[in-house]
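Trainee: Now for the letters of each chain:
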Amino acid sequence: MTSDGAVASRPLVVGRIGRARRGPLLLAGGGGIALVLGLVLGVGLGTVAIAPADTLAILAERLLGVDLGRTMTPAVETIVWELRLPRVLTSMVVGAGLAIAGATFQGLLRNPLADPYVLGTASGAALGAAIAVVIPVRVAFLGFGLLHGFAFLGALAAVFTVYRLSRIGGLSALTSLLLTGYAVGSLLAAGLAMAMYLSGAALRQIFSYLLGGFDTAGWPQLAGAVPLVAVGSLLILVRARALNGLLLGEEAAAHLGVDIRRERAILLALASLVTAAAVAVSGLIGFVGLVVPHVVRLVVGPNARLVLPLSALGGAALLAFADLAARLLGEIPVGVVTAVIGAPFFLFLLRRSRSGYEL
Amino acid sequence: MSASFTFRRLRFVLIVMLPVLVAACTSGATPTVSIPADATSSAQPAETGTPPPEPTEAATFPMTLTDDEGTEVELAAEPQRIVSLTPAATETLFALGVGDRLVGKVEDFSLYPPEAAAIPDVARFGEVDVERIVSLEADLVIAGGNNFNPPDKIEQLRGLDVPVVVTYAPDIETVFTDIELIGLAVGRADEAADLTASMRAAFDQVEAAAAGLERPRVFYELDATQAIYTAADDSFLAAMIELAGGEPITTGSTTSFEIPLETLVTADPEVILLGDAAYGVTAEAVAARPGWNVMTAVREGRIRPIDDVIVTRPGPRLVDGLRALARAIHPDIDLPGSAAASGSPSAASPAASAVP
Numbered sequence: 322m323t324s325d326g327a328v329a330s331r332p333l334v335v336g337r338i339g340r341a342r343r344g345p346l347l348l349a350g351g352g353g354i355a356l357v358l359g360l361v362l363g364v365g366l367g368t369v370a371i372a373p374a375d376t377l378a379i380l381a382e383r384l385l386g387v388d389l390g391r392t393m394t395p396a397v398e399t400i401v402w403e404l405r406l407p408r409v410l411t412s413m414v415v416g417a418g419l420a421i422a423g424a425t426f427q428g429l430l431r432n433p434l435a436d437p438y439v440l441g442t443a444s445g446a447a448l449g450a451a452i453a454v455v456i457p458v459r460v461a462f463l464g465f466g467l468l469h470g471f472a473f474l475g476a477l478a479a480v481f482t483v484y485r486l487s488r489i490g491g492l493s494a495l496t497s498l499l500l501t502g503y504a505v506g507s508l509l510a511a512g513l514a515m516a517m518y519l520s521g522a523a524l525r526q527i528f529s530y531l532l533g534g535f536d537t538a539g540w541p542q543l544a545g546a547v548p549l550v551a552v553g554s555l556l557i558l559v560r561a562r563a564l565n566g567l568l569l570g571e572e573a574a575a576h577l578g579v580d581i582r583r584e585r586a587i588l589l590a591l592a593s594l595v596t597a598a599a600v601a602v603s604g605l606i607g608f609v610g611l612v613v614p615h616v617v618r619l620v621v622g623p624n625a626r627l628v629l630p631l632s633a634l635g636g637a638a639l640l641a642f643a644d645l646a647a648r649l650l651g652e653i654p655v656g657v658v659t660a661v662i663g664a665p666f667f668l669f670l671l672r673r674s675r676s677g678y679e680l
Numbered sequence: 002m003s004a005s006f007t008f009r010r011l012r013f014v015l016i017v018m019l020p021v022l023v024a025a026c027t028s029g030a031t032p033t034v035s036i037p038a039d040a041t042s043s044a045q046p047a048e049t050g051t052p053p054p055e056p057t058e059a060a061t062f063p064m065t066l067t068d069d070e071g072t073e074v075e076l077a078a079e080p081q082r083i084v085s086l087t088p089a090a091t092e093t094l095f096a097l098g099v100g101d102r103l104v105g106k107v108e109d110f111s112l113y114p115p116e117a118a119a120i121p122d123v124a125r126f127g128e129v130d131v132e133r134i135v136s137l138e139a140d141l142v143i144a145g146g147n148n149f150n151p152p153d154k155i156e157q158l159r160g161l162d163v164p165v166v167v168t169y170a171p172d173i174e175t176v177f178t179d180i181e182l183i184g185l186a187v188g189r190a191d192e193a194a195d196l197t198a199s200m201r202a203a204f205d206q207v208e209a210a211a212a213g214l215e216r217p218r219v220f221y222e223l224d225a226t227q228a229i230y231t232a233a234d235d236s237f238l239a240a241m242i243e244l245a246g247g248e249p250i251t252t253g254s255t256t257s258f259e260i261p262l263e264t265l266v267t268a269d270p271e272v273i274l275l276g277d278a279a280y281g282v283t284a285e286a287v288a289a290r291p292g293w294n295v296m297t298a299v300r301e302g303r304i305r306p307i308d309d310v311i312v313t314r315p316g317p318r319l320v321d322g323l324r325a326l327a328r329a330i331h332p333d334i335d336l337p338g339s340a341a342a343s344g345s346p347s348a349a350s351p352a353a354s355a356v357p
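Residue numbers (this note's numbering), protein chains in the order written: chain R, 322 to 680; chain C, 2 to 357.
The following block holds chain R by itself, in its conformation from the complex:
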């Protein structure tokens, strides 16, 4: 939107408009194919080799009620249905949520370095998880341990604190939010370091949460994350117009009739909710929420109506493939894979993009 005013040489403008028209379709098509491919490969591959026909038969029977007349051992059915499918779906939901949240925070804060964790969410979730590990209480409810609950609450509490604190003082709202987020995040990180120091043998549990991953994702975790991520993301999508307005700057947004403070607070709350749900299930997975929205913007421009849904698609596909790679490489941290896949691709896009890139 903002870049439409660019007065450049004619061929370039034409080229850009042409690309802007085709870009979304290409990206949506590519993302859709990648998502399906990620699902098929994710369910089909793993440390145990299962014949593709068996995998298909199990999915057909469970999802569609079609009996293909193949007999599988219960172990194979368990692996496909209880281990792989919920894991792939969870990675997709988390990827979509993180990418949408990232796109929202970047637009909201008008800062290209913003990611879902920028306002202390990550530190809050990590500290919550660490406390859950350190205190000698074990509660489990439908597959959700104390760790998930504390991580979720920690993330929300951190953002709430940052938001409240940022409204005091004379700095501009955005600068204040960012700096407060940084300060609170640092404080929470100190708490996390202390909890890790005190954790003894439980250190590894905290560590694996910090690295993130889906290796224990099952249907309960998926069922817990889906409603929050889905509802939060949909509500953000509905507010894409307000997000576009905020991108223009506070004054311009006000002229467009956007209630800046209210919209900012709502979007902030929604993006934080989505992030908290995602990190509670998967631990801290970096990079997806930062880079996917940028990649989408490089292709389709800054319009939030396009950026948000396409980021969700891209985030889901990226994380599904990243988790598959992590799994096949022997359960290495998925955040490592997202960075290794994502960073070079992002650099490639940055170098190729000839037109000016604006948030």
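Hints may contain errors.
Unchecked claim - Examples of chain C residues lying across from chain R (beta carbon under 7 Å, computed):
hint, residue
1, S111
2, D130
3, E138
4, E259
5, T283
No lab work stands behind these hints: they were computed from the structure. For each residue, glycine too, the CB sits at the ideal point set by N, CA and C.
Fit chain C to the supplied structure of chain R, relying on the hints for placement.
Mentor: Here is chain C on its own, set in the frame of chain R:
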């Protein structure tokens, strides 16, 4: 020293120390293995040694048993496809004669017995391949508590209706009850009771043999590449050293395994045992460390290697570990009988070749 070497070292330290770690939780739990009245110094293998404290019921399946974390585990039938997620459990299962029922095991850098090499690895330190375990159709998984295996993986397995028995031995007595617990779970309760009875007898023997001897101050080096690591107060390792006739120099904390050099120098060890000998640490290297030459053990040349695996692994070879420890502390101790009397597989593996 290459990076991978350092990493392996670190991993080694973690593997070795985890079973021992948080013996802190059971502070004051000094091992009460021996009953002095029984412990004669005669050369008789104490066939009438200490009886196991709890009589094991005849194993009938289906059964419900309670593991070390207090979880009730239901076993429908005698397990035939067992996965062992701790090196000690692997050794115990072989010692009970059910090694052939193992279908998967945890990766082990000091694998014992050699037959276990044929069993596929389905887990490694900090990681459990749940998918593999499900595909192996395991009907019993024996895991390690106190975060030896990730607790969320144990939960996941249980959620998939795979019975998991969690063992964790913070003290020596629990090593015996764990062997009995595993025996009960695999339908070999009687064999397990025999094994632990002979282990208890062997423990009594060592303690009795060490009873009349001087008790030198012993520093047991777990690792000293960065900081110096040794036994924590009231830890499993400290208890082993006491039973072997030494006065363990501990860290002064029940939770920390790190001892400052100043504390160590002040404590003035009379014997230094190199649990890290398998990693190439030698007496000469220790003597050459700055500041160490003031210690009595260094000045009088009592720095000795020891096979750390048998001393710290809470399995059937703990008897060999205790004997090795006693001989390392008191080179001329009179230990009647050989490893054969213990009923456990004899394993006088030379320390320096234990780990690749």
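Trainee: Hint by hint, note whether the structure agrees.
Mentor: Verification of the supplied hints:
1. S111: violated (20 Å)
2. D130: Where the cut-off is 7 Å and the nearest Cβ of chain R is about 5 Å from C:D130, the hint holds.
3. E138: It holds, given that the least Cβ distance between C:E138 and chain R is near 5 Å, below 7 Å.
4. E259: Since the shortest Cβ distance to chain R is 12 Å, the answer is violated.
5. T283: violated (30 Å)
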